[in-house]
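Trainee: Chain by chain, the residues:
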Amino acid sequence: MVKLIAAAIGAIFCAALLWGAVQPRDAVVPDLVKKYYQHAEPAGFSFDNPIVGKFDRAQLQRGFQVYKEVCSGCHSLNRVAFRTLTDIGFSAAEVKAIAKQYDIPSLDAAGEPTTRKGLPSDNFYGPYANDDAARAANNNALPPDLSLIGKSREGGANYVHALLIGYKETPPKDWTTPDGLYFNVHFHSLNIAMPPPLNPDQVTYVDGTKATVDQMAKDVAAFLMWTAEPKLEERRRTGVGAVIFLIILTGLAYLSYARVWQSVKAKKTQV
Amino acid sequence: MSFPWAKHYEPKSGFMKYVDSRLPIPRLVYNSLGAGYPVPKNLNYFYNFGVLAGVALVIQIITGIVLAMHYAANAKIAFDSVEHIMRDVNGGWMMRYMHATGASFFFIAVYIHIFRGLYYGSYKPPREVLWLLGLVIFLLMMATAFMGYVLVWGQMSFWGATVITGLFSALPLVGETIQTWLLGGFAPDNATLNRFFSLHYLLPFVTLGVVILHVWALHIPGSNNPTGIDVKSEADTVPFHPYYTAKDFFGLGVYLTIFAAVVFFWPNALGEVDNYIPANPLSTPAHIVPEWYFWPFYAILRAFTVDFLFIPAKLWGVIAMFAAILLLFFLPWLDTSPVRSNNYRPMAKIAFWVFFADIILLAICGGKPAEEPWVRLSQLASVYYFAHFLIILPILSRIERPLPLPNSISEAVLKRQTNVGAPASQQLPGAGIAEMPATGRAQPAE
Amino acid sequence: MATQPHDDLTETGERRRDFIYIATGAFAAAGAAVVVWPLVNQMNPSADVLALASIDVDLSPIQPGQAIKASFRGKPLFVRRLMPAEIEAANKVPVSELRDPQSLADRTKPGNAEWLITLGVCTHLGCVPLGAGEGENRGDFGGYFCPCHGSHYDTAARIRKGPAPKNLEVPEYAFKSPTSVTIG
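Residue numbers (full-length UniProt numbering), protein chains in the order written: chain A, 1 to 271; chain B, 1 to 446; chain C, 1 to 184.
Note that these hints are calculated values from the structure, not bench results. This one's a predicted model, so the numbers in the text were calculated from it and none came from an experiment. Note that the Cβ used here is the ideal one computed from N, Cα and C, for glycine as well. Incorrect hints may appear among the rest.
What the hints assert, rightly or not - Below 16 Å or equal to it, Euclidean Cα-Cα: the simulated EDC-like pairs (lysine to aspartate or glutamate) are:
1) A:K265 with B:E411
2) C:K69 with A:D108
3) A:K117 with C:E169
4) A:K34 with B:E371
5) A:K96 with C:D18
6) A:K68 with A:E94
What the hints assert, rightly or not - Computed list of chain C residues with no C-beta within reach of chain B, every gap over 10 Å:
7) D18
8) T24
9) A28
10) P38
11) N41
12) A47
13) D48
14) K75
15) I87
16) D106
17) K109
18) V128
19) R138
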């Protein structure tokens with residue numbers, strides 16, 4: 001009885017599915033986005049290797065310079081505290097000086113909104129007070145906060161790098177990019193609101209590195225990977241120790257297991 | 001406990017005697033995980049995954065309690081508090097990655113555990129209740145995992161909560177009311193987040209309770225084994241300790257090594273990038289997918305694309321998705337073949353492997369966007385899913401002629417050890433290969 | 001561990017087996033101990049809390065006779081600029097007669113005796129004393145007054161009357177410039 005009911009229910013489900021499967025499908029509209037979209041190419045970062053890769057401190061500092069002088073005009077970095085900049089090689093005094101350049105909202109003695117100088121314990125702030133202000137200033141497009149951009153896009157740092165160098169002057173003939181948007185093969189909709197942000201020699205690197213667009217894109221991509229995953233090096237270091245330890249432990253566990261079972265295995269073959 | 005030759009606990013010291021006469025926990029442990037529990041001696045490595053799933057649950061509870069010390073279940077700051085854990089809390093990144101990856105590993109262990117049960121017929125009498133309790137654990141896990149994923153309050157959390165609670169809106173008449181009740185509002189918000197946090201903290205302990213019942217139900221008939229035949233004598237068994245404690249510990253070592261490698265080297269490989277974007281009720285991600293462990297069921301949900309028998313497609317999908325899980329509860333009464341192990345059921349074995357491939361295909365379809373060829377593939381794969389359990393297994397259990405069973409576990413073990421060309425294995429070509437999934441390793445003829 | 005009587009196991013074989021069991025157990029125990037540490041350490045103050053463990057206070061807006069309240073490690077901090085009369089009053093008191101004998105010099109930095117920096121936590125039961133705000137009751141000795149149980153502190157924030165056992169606590173601090181101190 002159970003089986004008959006089951007078979008009946010199964011037959012109904014299968015019929016409903018097969019009825020759906022035999023329905024004609026709408027003609028596939030050729031998707032131009034799929035045609036022109038390009039996945040980010042690997043840019044070759046010092047931290048690419050998932051086990052031993054490390055950040056390049058000089059590159060992170062250059063990337064910070066690019067963020068500060070170019071990106072921070074529109075993009076916030078709100079989840080990053082100034083104090084953590086010591087991790088990428090800035091001294092405590094340098095961090096203090098960087099923090100001081102930012103005005104942090106505060107209240108005065110009368111409770112009126114005012115600003116105060118940033119402290120190392122503060123997070124990055126600005127450039128806009130809130131998302132609505134950011135949209136209003138950017139033609140209704142919201143420049144995303146960059147703190148987690150290295151982890152919130154497929155491809156991570158490679159994506160950031162590819163996007164920054166992925167602008168094409170003229171889109172293909174069958175693709176229209178509306179006024180105020182820019183054609184970029186690495187952006188999910190191909191039309192991005194951000195104008196090409198980098199020009200050659202836009203920043204003057206303290207360490208004398210030549211500031212090509214590719215170099216700046218790579219440096220800022222590395223920096224934004226660090227802001228997204230500041231514990232990356234600690235994580236990998238811990239991981240190497242943990243995995244080595246566990247391999248040894250597992251080896252010992254195997255030897256124990258083999259010893260324990262020796263008598264049983266021996267008995268089996270004694271026939 | 002279950003067999004007359006099981007060793008009896010004898011407290012050695014006066015103190016242990018004192019404890020044993022008042023709160024006999026050592027006796028309980030001895031009889032359930034110690035030398036007092038006789039276990040078939042031919043269990044292969046697939047039988048490790050019950051213990052591994054238990055360890056995975058414990059890891060989730062420990063790391064979860066730690067995370068709850070720093071997490072704030074408030075829609076305004078939930079995402080920030082997770083980032084606070086990742087950036088500022090001492091070792092917080094490790095706890096969170098262990099918890100997130102641990103959920104995936106819990107499901108890996110449980111899925112292997114379930115497939116092992118399906119292959120060796122572990123759901124059949126006298127182990128039906130054991131099977132049912134296992135399914136209850138599976139349901140609790142799925143609910144817990146879903147709600148935990150929402151707590152991060154990223155884009156996938158928010159839209160996952162929207163979509164999954166939206167399933168209930170497909171129910172006629174009361175659907176909308178139920179969805180609103182589940183969410184405590186008209187869209188996921190603070191009320192949703194808070195109740196999900198409360199339940200996400202509660203359900204693992206409920207799960208733990210059902211795990212204890214599951215283990216209890218296991219110890220009444222004792223473990224099944226790759227031959228599927230009953231234990232006949234002491235020669236068929238070894239004490240759980242030290243034999244299977246040693247084997248489980250080795251298995252645990254392998255499991256933890258792989259787990260650590262993923263946690264420390266590829267912690268985001270099993271997650272979705274969109275969940276690092278804070279929840280935004282005004283913008284849906286281009287491609288919403290649940291976590292990978294829900295993909296097969298998500299594929300079934302989406303496979304129903306047309307109204308049929310006056311029932312709208314959306315409702316079909318919801319009914320089918322729940323039915324896909326609930327029908328497992330009836331499996332002991334659908335597959336009534338007296339032979340448990342598929343090693344001795346040539347046709348059911350083929351059906352099993354087709355089913356396994358079918359689940360993989362469903363999982364792939366569930367992770368893809370809803371476009372061709374994935375929709376049609378998921379429809380065909382769903383057909384087999386339902387047909388397998390509701391039609392094929394019941395029929396096979398009537399018409400199939402099983403291979404001759406060995407007389408005892410010991411005999412089966414000896415046969416395998418000494419000679420692959422024994423008469424029993426000659427009856428069907430390929431019977432020697434048939435042993436492979438059971439043992440995990442082929443024994444060369446000596 | 002069950003003993004396994006076996007003819008092929010020699011005396012040394014037995015010993016090696018034991019060694020493997022012991023090594024496995026020891027390794028597992030060591031691993032468990034290492035895992036416990038992050039579980040304990042996560043309850044210590046996090047990096048953002050520690051970043052606030054030391055604060056800078058700007059002294060320039062404080063006039064003689066005035067005091068300001070600041071927040072230091074989650075507790076109120078009183079920064080008071082003493083008037084010459086108050087310094088004199090504090091120095092006049094014989095130290096030996098005090099409940100918690102300390103001179104004003106012990107409680108301020110050399111050359112900066114006018115800056116009295118203390119925690120605003122009454123040493124009796126932890127209330128916040130009055131006296132730092134404009135027009136608040138400064139008690140019988142012109143310093144601070146705790147309204148909870150009536151402890152009176154003098155102009156060096158020393159306990160003079162009432163149930164409190166100790167003077168208001170002076171935190172660790174250092175002058176970075178004549179108008180700026182780092183507390184903690």
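Trainee: Evaluate each hint against the coordinates.
Mentor: A quick look at each hint next to the structure:
At most 16 Å may separate the alpha-carbon atoms for a hinted pair to count; K265 (chain A) and E411 (chain B) meet this at roughly 14 Å. Between K69 (chain C) and D108 (chain A), the direct Cα distance comes to roughly 13 Å. Compliance with the 16 Å bound is thereby established for this hinted pair. Restraint check for K117 (chain A) and E169 (chain C): the C-alpha separation of about 29 Å exceeds 16 Å, so the hint is violated. In summary, the hint linking K34 (chain A) to E371 (chain B) is supported, as the alpha carbons are separated by about 13 Å, within the 16 Å threshold.
At most 16 Å may separate the alpha-carbon atoms for a hinted pair to count; K96 (chain A) and D18 (chain C) exceed this at roughly 59 Å. For a cut-off of 16 Å, the pair hint linking K68 (chain A) to E94 (chain A) stands: about 14 Å separates their Cα positions. At roughly 13 Å, the least C-beta separation between D18 (chain C) and chain B is larger than 10 Å, which holds for a residue marked as non-interface. Under the 10 Å C-beta cut-off, the non-interface status given to T24 (chain C) relative to chain B is violated; the minimum distance is some 8 Å.
Against the 10 Å criterion, A28 (chain C) falls within the reach of chain B, whose nearest CB is about 8 Å from its own CB. Annotated as non-interface, P38 (chain C) brings its C-beta within 10 Å of a C-beta of chain B; the closest such distance is 4 Å. Not every Cβ of chain B is farther than 10 Å from the Cβ of N41 (chain C); the closest lies at roughly 5 Å, contradicting the non-interface assignment. The non-interface label for A47 (chain C) is inconsistent with chain B: the shortest C-beta to C-beta separation is roughly 4 Å, within 10 Å.
Some Cβ of chain B comes within 10 Å of the Cβ of D48 (chain C); the nearest lies about 4 Å off, and the non-interface call is violated. Distance to chain B confirms K75 (chain C) as a non-interface residue, since its nearest Cβ pair spans about 21 Å, more than 10 Å. Non-interface status of I87 (chain C) relative to chain B is upheld: no Cβ of that chain comes within 10 Å, the nearest being about 43 Å off. The non-interface label for D106 (chain C) is consistent with chain B: the shortest C-beta to C-beta separation is roughly 37 Å, beyond 10 Å.
Every C-beta of chain B lies more than 10 Å from that of K109 (chain C), the closest at about 33 Å, which supports listing it as non-interface. Listed as outside the interface, V128 (chain C) is consistent with that label: its C-beta sits roughly 27 Å from the nearest C-beta of chain B, beyond the 10 Å cut-off. For R138 (chain C), the non-interface assignment is confirmed: its Cβ lies about 40 Å from the closest Cβ of chain B, beyond the 10 Å cut-off.
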